[in-house]
Amino acid sequence: MEKQLIISVSREYGSGGHYIAAQLAERFGLPLYDHNLLDEIAKEKGMNIERLSKYDERAKKPLFSRNVRGFSSSPEEVIAEIQFEYLREKAKAGESFVVVGRCSESILQEYNGLIPIFILGDMQDRIKRIEQVRDFSEQEAKDAIARHDRNRKSYHNYHCDIKWGDSRHYDLCINSSRLGVDKTADFIEQYIRGWQQREQDR
Amino acid sequence: MITAQVLAVLIFVAMFLLIITEKIERQYVTLGCGLLTLLLVFGIGLHSMSAVIETLNVRNIFTLDFWYQAGESSESSSGINWATIIFIAGMMVMVEGMARAGFFRWLCMRIAKLVHYQTVPIFITFMIMSFVLAMFIDSITVILFLAAVTVELARLLEFNPVPMILAEIFCANLGGSATMCGDPPNIIIGTSLGYSFADFVLNTGLIAGISLIAVLLFFYFAFRKELKTGSGKQVDISKLPDPKSAITDKTGFIISTVIFLCAVVLLVTHAMTGLTVAFIGLFIALVTLITSGKHAVEVLKKVDYKTLLFFIGLFVVVGGLEQTGILELVAGFIGKVSGGNAMLMIAIIIWISALASAFIDNIPFAATMIPVIKTLAAAQGIPLETLAWALSMGTDIGGSATPIGASANVVGTSVAAKAGHPIGWGEYCKKVVPATLLVLLISTVMIFVRYL
Numbered sequence: 001m002e003k004q005l006i007i008s009v010s011r012e013y014g015s016g017g018h019y020i021a022a023q024l025a026e027r028f029g030l031p032l033y034d035h036n037l038l039d040e041i042a043k044e045k046g047m048n049i050e051r052l053s054k055y056d057e058r059a060k061k062p063l064f065s066r067n068v069r070g071f072s073s074s075p076e077e078v079i080a081e082i083q084f085e086y087l088r089e090k091a092k093a094g095e096s097f098v099v100v101g102r103c104s105e106s107i108l109q110e111y112n113g114l115i116p117i118f119i120l121g122d123m124q125d126r127i128k129r130i131e132q133v134r135d136f137s138e139q140e141a142k143d144a145i146a147r148h149d150r151n152r153k154s155y156h157n158y159h160c161d162i163k164w165g166d167s168r169h170y171d172l173c174i175n176s177s178r179l180g181v182d183k184t185a186d187f188i189e190q191y192i193r194g195w196q197q198r199e200q201d202r
Numbered sequence: 001m002i003t004a005q006v007l008a009v010l011i012f013v014a015m016f017l018l019i020i021t022e023k024i025e026r027q028y029v030t031l032g033c034g035l036l037t038l039l040l041v042f043g044i045g046l047h048s049m050s051a052v053i054e055t056l057n058v059r060n061i062f063t064l065d066f067w068y069q070a071g072e073s074s075e076s077s078s079g080i081n082w083a084t085i086i087f088i089a090g091m092m093v094m095v096e097g098m099a100r101a102g103f104f105r106w107l108c109m110r111i112a113k114l115v116h117y118q119t120v121p122i123f124i125t126f127m128i129m130s131f132v133l134a135m136f137i138d139s140i141t142v143i144l145f146l147a148a149v150t151v152e153l154a155r156l157l158e159f160n161p162v163p164m165i166l167a168e169i170f171c172a173n174l175g176g177s178a179t180m181c182g183d184p185p186n187i188i189i190g191t192s193l194g195y196s197f198a199d200f201v202l203n204t205g206l207i208a209g210i211s212l213i214a215v216l217l218f219f220y221f222a223f224r225k226e227l228k229t230g231s232g233k234q235v236d237i238s239k240l241p242d243p244k245s246a247i248t249d250k251t252g253f254i255i256s257t258v259i260f261l262c263a264v265v266l267l268v269t270h271a272m273t274g275l276t277v278a279f280i281g282l283f284i285a286l287v288t289l290i291t292s293g294k295h296a297v298e299v300l301k302k303v304d305y306k307t308l309l310f311f312i313g314l315f316v317v318v319g320g321l322e323q324t325g326i327l328e329l330v331a332g333f334i335g336k337v338s339g340g341n342a343m344l345m346i347a348i349i350i351w352i353s354a355l356a357s358a359f360i361d362n363i364p365f366a367a368t369m370i371p372v373i374k375t376l377a378a379a380q381g382i383p384l385e386t387l388a389w390a391l392s393m394g395t396d397i398g399g400s401a402t403p404i405g406a407s408a409n410v411v412g413t414s415v416a417a418k419a420g421h422p423i424g425w426g427e428y429c430k431k432v433v434p435a436t437l438l439v440l441l442i443s444t445v446m447i448f449v450r451y452l
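Chains A and B are the protein sequences, given in the same order.
Position 88 (the first sequence) corresponds to 88 in this note's numbering; numbering is contiguous.
Position 373 (the second sequence) corresponds to 373 in this note's numbering; numbering is contiguous.
Please note that a few of the clues may not be correct.
[Unchecked claim] Listed next, the in silico DSS-like pairs over lysine-lysine satisfying Cα-Cα at most 30 Å (straight line):
{"hint": "1", "chain 1": "A", "residue 1": "K61", "chain 2": "A", "residue 2": "K43"}
{"hint": "2", "chain 1": "B", "residue 1": "K302", "chain 2": "B", "residue 2": "K23"}
{"hint": "3", "chain 1": "A", "residue 1": "K45", "chain 2": "B", "residue 2": "K228"}
{"hint": "4", "chain 1": "B", "residue 1": "K113", "chain 2": "B", "residue 2": "K431"}
{"hint": "5", "chain 1": "B", "residue 1": "K225", "chain 2": "A", "residue 2": "K45"}
{"hint": "6", "chain 1": "A", "residue 1": "K61", "chain 2": "B", "residue 2": "K113"}
{"hint": "7", "chain 1": "B", "residue 1": "K244", "chain 2": "A", "residue 2": "K92"}
[To be verified] From the structure, some residues in chain B lie toward chain A, with a derived Cβ separation under 8 Å:
{"hint": "8", "residue": "L17"}
{"hint": "9", "residue": "T21"}
{"hint": "10", "residue": "Q27"}
{"hint": "11", "residue": "E152"}
{"hint": "12", "residue": "R155"}
{"hint": "13", "residue": "L300"}
{"hint": "14", "residue": "S407"}
{"hint": "15", "residue": "W425"}
These are computed hints drawn from the structure, not numbers from a lab.
Here a beta-carbon is modelled for each residue, glycine too, at the ideal position from N, C-alpha and C.
Work out the full structure: start from the sequences and follow the hints.
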């Protein structure tokens, strides 16, 4: 039986992390969980996706929420917990998959098959990428990068003990600007295949 | 004295900020701040051992008056209110016993079945049930079960559960205001100022009852379009879960129902029998534990000790403000602002309490305000009762206004979100603030008309 493989891709906004994750999912023949994770949960549990998606990967607003006996008034926190639980169930069932963000490098850290990766990029490249992908002006791209990175960081750091992007907690922290996104995906693929080979030889 | 006053205020403000930020669990916050109050305010500031003894208030438990009061009750308001803590602990044990046997789920399913699973009748009956249950049981438990069943029925009958859950939350808070044991602020007000269950029912109960009628109508007209079932298709009722399936332990179910009814009778008659709420709490807890047999440990483990510890620390910190005379200063300020006008004073108490309770925990707020209204009543010649009812309605109803104002709101919105129906601040406030304002207005007018 093939050993479980969970590729967790955390990323700076505009670094091409999502594209790289999609590439890896394709190359390893694994399902990709990103914002579609909520679609899947909503479909499975009969929930309304429109209501859920606006709270996806959002940080809890500390002064506007309260916890009572383990219940949180923050929709952001509850939606995050629903996703974490879903990912834990998938991992526990022995499934292999690629997951983008969602604190996966922390919540699935007990699994030996987890390969946590953090993708970053040079600011100029990230701006250029966002300008192209989102059809934004330079200023709009800069603002979007600042906003998304801030959100991702506070979302991550609220739910996890480890800090977002802290290299000590990832197998690889890689700057996609150096090789370009495709070559970066090649590099990561090679790394993972090497790991798989080593595990097989053991 | 100035040093002690400054320290007491600093500790109090720090406690509030720490509770709001939730960085540290709230019971550790109040216990830590309580300890600081004992050491810094009473020790270094006041050099007063008697203030420590008075605030810890342990001696009070060993007096006959604490358990049985033949004449007029006169609970001490200073320091730790052990009667509140023992009563809440007792009710927690009873409620755990009932929940274990499946009482609440059975009741919800039974009522839904009685109204033939029709959305609007479910909506109306669940609001009334929420109100009635919350008169005797903590609103967290009421909402926990009601919201869970609402979500389940919404899925089966294909309707949007959000309006129903919001209405249930509101009615749980409203029901809590109707009796002495419904909401923690009322228990504290009742035990601190020596009011009985009947006193509350005849005063806040009457206001809450009239408000309930107004709220039923308001929510019905506000939500009727949203309550329509999605597809309009006929649901096969026989396929819906049987209420009996909710009962996990038949004997336990019968026993816990009897204990609950006993608790209601004891509470309703406590002014006549002379049994205090502390006695009733302890008695009910002991009977529940004895009849739970081998499940007693399981029931005890589920009691929310964190909340009880939170109360203990909180009372000590408020005791610090009281002993240093800070609360008298606050009372003096309110008296001055209102220029001795009783109407204005009552309006200030209701609306400021409501506004504060909408954003911060209403329990510390009520505990802090009790000595304030006592001083106000003495200084301004307004009956204490009138101010007590104003404080009760303000804190209990104001808590409904935002998703974080009261515990029931947090639990209800959380249950909804877990079922895939997250409720943001905008949606919550848009639907609930008008009802809150309506009830606050009714309360203000009724207090003006009846007591002035």
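Checked hints:
{"no.": "1", "hint": "K61/A - K43/A", "verdict": "holds, 27 Å"}
{"no.": "2", "hint": "K302/B - K23/B", "verdict": "holds, 24 Å"}
{"no.": "3", "hint": "K45/A - K228/B", "verdict": "holds, 21 Å"}
{"no.": "4", "hint": "K113/B - K431/B", "verdict": "holds, 27 Å"}
{"no.": "5", "hint": "K225/B - K45/A", "verdict": "holds, 25 Å"}
{"no.": "6", "hint": "K61/A - K113/B", "verdict": "violated, 40 Å"}
{"no.": "7", "hint": "K244/B - K92/A", "verdict": "violated, 34 Å"}
{"no.": "8", "hint": "L17", "verdict": "violated, 10 Å"}
{"no.": "9", "hint": "T21", "verdict": "holds, 6 Å"}
{"no.": "10", "hint": "Q27", "verdict": "violated, 12 Å"}
{"no.": "11", "hint": "E152", "verdict": "violated, 11 Å"}
{"no.": "12", "hint": "R155", "verdict": "holds, 6 Å"}
{"no.": "13", "hint": "L300", "verdict": "violated, 16 Å"}
{"no.": "14", "hint": "S407", "verdict": "holds, 5 Å"}
{"no.": "15", "hint": "W425", "verdict": "holds, 6 Å"}
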